[in-house]
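Residue numbers (the numbering used here), protein chains in the order written: chain A, 863 to 1022; chain B, 863 to 1022.
Take these hints with a grain of salt, some might be off.
Identical copies carry no separate label here, and so any pair may be met within one copy or between two of them.
In the DSBU-like style, the derived pairs of lysine-lysine whose C-alpha atoms are separated by at most 30 Å in a straight line are [said to hold, decoys possible]:
#, residue 1, residue 2
1, K919, K904
2, K970, K890
3, K970, K1012
Hints were generated in silico from the structure; no laboratory data involved.
Protein chains: 2
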Amino acid sequence: MSDGVEWGVHACVLLASLPADAALPAAKIAEYHGVPAAYLAKHLQALAAAGVLATAKGARGGYRLARPPAEITVLEVVEALEGDEPAFHCTEIRRRGPAATPAREYTKACGINRAFVRADAAWRAELAATTVADLFIGVLEDVPRPALEKGARWLREAAR
Amino acid sequence: MSDGVEWGVHACVLLASLPADAALPAAKIAEYHGVPAAYLAKHLQALAAAGVLATAKGARGGYRLARPPAEITVLEVVEALEGDEPAFHCTEIRRRGPAATPAREYTKACGINRAFVRADAAWRAELAATTVADLFIGVLEDVPRPALEKGARWLREAAR
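Next comes chain A alone, as it looks inside the complex:
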């Protein structure tokens, strides 16, 4: 999984802290996270294309969450950035070699593929159970107070 997933989820959590009418330019989001602006911009565009983020034009323009943070799951962010292809890709090798019979005779999916499909579903279900709002509340609980205060001051300047 690319670093962009970590960046994308963090960006959503940061945007969850903005007032309802505010937006944050891509360059500011990159600055806050200390990541390369050009590369982050690609991920923010993908999140906007997937309907996770929305763009606001004008002098106070930039990105904001497209929906309330409690309605955006970590899975949505992951799938916006990495697609929804499972990690395991079945190439049906059971149909090759000396035991092969015509494809139409294999009426059931391969049991090996089914085991990976179940694992993939469990992974996605777990990521769908956590929302951006959960993570935002977690930040307030977990991050050291001085870091929260510095972040809030910076954000008031950046989003003004």
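Model the placement of chain B on the given structure of chain A, informed by the hints.
Relative to the frame of chain A, chain B by itself:
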């Protein structure tokens, strides 16, 4: 995930069908699955190094399962071939940028990382719940009878 995982799991299921004292050379395992022998050999060696497969030397030598198939999980095969690193790698970007405070002040793991750790654990738990024996029984139930008969005939010749 590399195609080698699919091959490795299939190879284990094939070896589960051998009589207790039999082994199958790497080249025969590759032939059965219609996959490149040199590339498969690498994966079989990794499975042997991890204690999933055992090697038998001599004229009737080759690979066999190191343990009863009910004691080998799909997760073991995956981890032997791909390692046990989670797909999500936290780079602690929360400690960068204008809100950063010294690392020692972050006493709790990042909530974003924790969400991915939970998802990774769910994925592995699902793969640990399926054994090579389960898959072998599944093959007997799912694969068309002509393919099973052709496979059994081929295997009798190959493992003699």
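A quick look at each hint next to the structure:
For the identical chains of this complex, K919 and K904 are intra-copy neighbours only, at 18 Å inside a copy versus 55 Å across copies, given an alpha-carbon limit of 30 Å. Taking the shortest alpha-carbon separations for K970 and K890, only the inter-copy value of 26 Å comes in at or below 30 Å, while the best intra-copy value is 52 Å. When the C-alpha separation of K970 and K1012 is checked against a cutoff of 30 Å, the pair qualifies only between copies, where the shortest distance is 18 Å, while the shortest distance within a copy is 57 Å.
Of the hints listed earlier, there is not a single one the structure fails to meet.
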